Amino acid sequence: MSWRFPPWGWWRRWQAQRLERRMAEEFAFHRAQERQRLETEGMPSRQTWRAADERFGDPTRIAALCRKAALGEAALDGLNGIHGIMAGGGTSMTFGHDLRHALRSLGRRPGFLAVVVLTAAVGIGATTSVFSVVSSVVLSPLPYPEPERLVRLYSAEIDEPDQRNFLPGPDFVDYRERSGAFAAAGAFYDYSDTGLDLTGLGTPRRVRALGVSAGYFDTLGVTPLYGRLILQEEEVGGEDDLYGTRVTVLSHHLWQELTGSDPGIVGETLELDGEAYTVAGVLRPGFLDVLHGEIDLWVPLNLDPGGRWNDRRNWYLSAVAQLTPGVSVAQAQARLDAVLEELRQEFPEDRAEQLVQVLPLFDDVVGSTPSTLYVLLGASVLVLLIAAVNVANLLVTRGLTRQRELAVRSALGSGRLRLVRELLLESGIAATLGGLLGVGLAYGGVRALLAVSPESLARAEEVSFDLRLLTFAVAVTFLTTLLFGLAPAVYAARIQPGDALRVGARGGDVTPTGRRIRLGLVAGQVALAAVLLIGAGVLIRSFTALQQVPLRFDPEGVLTFEVHLPDSRYGESRKRITFHRQLHERLRAIPGVTEAGATSKLPALGPYNIWGVAWLDETGEEQWSPAQARVVEGGYFEALGIPLLRGRFLDERDRADAAPVVVVNQALVDEVWPEAAEEVLGREIRAGSEERRIVGIVADVPYDHLGSVGPKFYMSHAQHGDNRNWALTQVVETEGDPRRVVQAIRAELATLDAELVLHRPAPLADLLHRQRASQRFVVLLMGIFAAVALALAVVGIYGVLAFTVVQRTREIGIRVALGARLGQVLGAVVGQGALLAAVGLTVGLLAAWMSGHVLDSLLFQARARDPWVFLAVGLGLAAVTLLAGLPPARRAKRIDPMVALREE
Amino acid sequence: MTHPNAELLRGTLDMLVLQIVSEGPRHGYSIGQRIQELTQDVLSIEQGSLYPALYRLEKAGLLRSRWGRNPESNRRARIYELTATGRKRLGRDVDGWSAFVRAISQVISPRVPTEGAE
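Residue numbers (the numbering used here), protein chains in the order written: chain C, 541 to 1444; chain D, 14 to 131.
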């Protein structure tokens, strides 16, 4: 091996390549001329091929002689000979050489490269970004590390194992300490609707507090921004105390509001319900207490077994836990069962009928079928497949146009391995570029999607690429590109050099297989696009159906807000009742306000307070039926436009000292007295732990966004205000934009009680809108998928038809020369497109029909096999496919027969 | 028709090519056609074997080539023309060849008439 001056080697290789190209072209030209001459001599065109080849002689041998002649003695064996020279430079030089060759080859067709790269990038980018956002924002309700290790603990009765009951405090402690199943476990007391009064720091206010055990934050994997979290030794308090040691952990937002982000708050004290609490720590921003929503601060629970709350028969705690690594849910269940068995020995009376249940937290929060996830994952894979098919098609088509080049080179002695390596490199470069751009698109896509995602979903800091999908997408693209990039090498190997050389310079299908593969790929693409479009179409129909759910009340012009009354000054229910009545009077006096009222829970935003009602049937037997309770005040029904069907609304007459009354909805009447609806007024039912006389029946309003209605009863706040310090939501009906009255309301509130805070003012329409935001987002994402799929399918069909026209230029030219009408030429091209569309559509529609059940669980009042959607997608896709055939058809139309014939 | 010895052909092909190109620039195919035309197909060789000769002559600096247009089909073709060196060489070769032919003829020719006489 001798060292060579590198530029010399490069020069030689460059020379050698130039020579190869020159020979290929020169020889081809020579034979074409000879064929022409033979034809003019009267030889049948078909025979001229062979005759010209024979007359030319063996191209391999001739090429070898030419190389020897042109390059000197060194070039013995064609390109393989060149490699012989390069062996001195080692394999890296071979690679570098091939790389440069590949780059040049790609550079000759920048348009082709761009389309391949873009298609691959769109496939990777769209898929990964949409799926990442969906999986981490919409579908991961557990923004905690290792959510799969989180479980929820419930107690249940043996008769009804599906119950999700509270746990007694000591039981929770036993499970935590004795089972060994948990790395951390946290109990919390979330039964109370009320909060705590925060005083001693700025304006007094009502805050949402949550009593938790020491392990609560550890379970959710939260660390403090400042200070520390709650300690186990702080789970002790006085005998009557619900809460333990007087320390508190502040949420990030409360800390910011209270102190303007001053870390010095740690160690300071603030007053909660008149007692001094030391601030132990501040949580990081972005911690979302999914189980409770916006909590302002956390305080330790009193888990002292001596406390009144911690009686073995007081079921009052909820619990979450983080499984010890390696312990499965089933194993944890078994260990807890064992602990419960010990407890049964100790407390046979209380525990004999009890069960303990361990449920994955995800299932508990989401329900057991995260089908949205699977549907979107499926859609991602479909888009990816369509992109891959497109790339494959482009490469195969490109391969056909290069058949000749490769066949010549193969004939001239270029080793097959060499060609394969070169093609692999070319495809590899394209795939790498596509992959890089795809990752970039995925990144940008995530940002863009977050920008348009509903406010409630914008948890930007939690969005991360779904690495598994990104890897999968990149891998699929690479494999496709490499595999189909090799197609030309396969052709080149299979085709007799003579055959290939006969094909016109523009290339074309030599083998029917190649043609079938390409057409099959395009038809497959149409099929995949059809499946996606139908999926998106059905979801959109479901969504519009959801939009059209009758609300049965009128949210327009209604402003809602909350005012929390601190127990320190509004401890007596009389004061709270008076406050609300005065507030509503003042609100009604504001210009533009037509009605004011309040409710314990707004309609259509979810079920709440399922208390039930009891009544005596004809036989005097007490019956019970589940029903939701609402505490209302002022002109609540009027403000929301809920119609009165019978009797009267609740009003000023229903004072605390008057006879207890209740208003029920139609659903409750239907449930309890379906036969005797006329005689309901005046009947007594037990509701809200008191006998109440029914004074009115109102129309049903849905309690959730799906339009569900159920039995409901309304009590006057004046008559039920002593039950607790109700956190009522105020409802103000206005003329026009409800936001305009916020300032006036704030002023009225200040005159009533300057220390009260107007909390969360928002138009009711916005709240309802937000409720549907996540659904709308899923529909938007499916729409994006469908659009990308459609675009890719159009590109695919266009590409194939355009190629066909180029390939058939001569044939078309002859037909035009022979007098074919324009329509016939167009028909031939468009007809092929139509055939592709028809085959693809048939397969796609069938597939969509058969897989329809997958979507069923996601749909609201829509069918996965909606014939209208099928029809619309079928027609639309057919039309688009035909349109994609038009530009190639126009090109075919413009073919000049003279030019076309000369080209060959 | 008898085929002249291949060795003889190879030695004379270079000269023929130079001679034809000296008439004006031509592409490879046309050079081949011209050879056949001028030799009345006596030199009916493999057409392809013309190319190693062309490449050798170009390498030797007797010919030069460039891409041009085939006037008939407007297709790209490699056009060859004679260099100054080539022209000189052609002159020398033709002189040498003529001398050679004369010499050989003088040896061979007298026998020719006797063939049919016996």
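Please keep in mind that the hints were generated in silico from the structure rather than gathered at the bench. Small disclaimer: the values here were computed from a predicted structure and weren't measured. We put the CB at the ideal spot given by N, CA and C, even for glycine. Please note: incorrect hints may appear among the correct ones.
[Stated by the list, open to error] When the alpha-carbon atoms are kept at most 30 angstroms apart in a straight line, the in silico DSS-like pairs for lysine-lysine are as follows:
1. C:Lys608 <-> D:Lys101
2. C:Lys1115 <-> C:Lys1141
3. C:Lys608 <-> D:Lys72
4. D:Lys72 <-> D:Lys101
[To be verified] Quick list of the computed label-pair ranges, beta carbon to beta carbon:
5. D:Arg82 <-> C:Arg1008: 52 to 60 angstroms
6. C:Gln557 <-> D:Trp110: 31 to 39 angstroms
7. C:Glu579 <-> D:Asp108: 37 to 45 angstroms
Here is what the structure says about each hint:
With a C-alpha separation of about 25 angstroms, the suggested pair Lys608 (chain C) and Lys101 (chain D) falls inside the 30 angstroms cut-off, and the hint holds. A distance of roughly 21 angstroms separates the Cα atoms of Lys1115 (chain C) and Lys1141 (chain C); the hinted pair therefore holds under the 30 angstroms criterion. At roughly 10 angstroms between alpha-carbon atoms, Lys608 (chain C) and Lys72 (chain D) fall within 30 angstroms of each other, so this suggested pair holds. A hinted pair counts as satisfied when its Cα atoms are at most 30 angstroms apart, and Lys72 (chain D) with Lys101 (chain D) qualifies at roughly 16 angstroms.
Remark: the range hint 52 to 60 angstroms for Arg82 (chain D) to Arg1008 (chain C) is upheld by a beta-carbon distance near 58 angstroms. In this structure the supplied range 31 to 39 angstroms holds for Gln557 (chain C) paired with Trp110 (chain D), their Cβ-Cβ distance being about 38 angstroms. A C-beta distance of roughly 42 angstroms is found between Glu579 (chain C) and Asp108 (chain D), which places it inside the suggested range of 37 to 45 angstroms.
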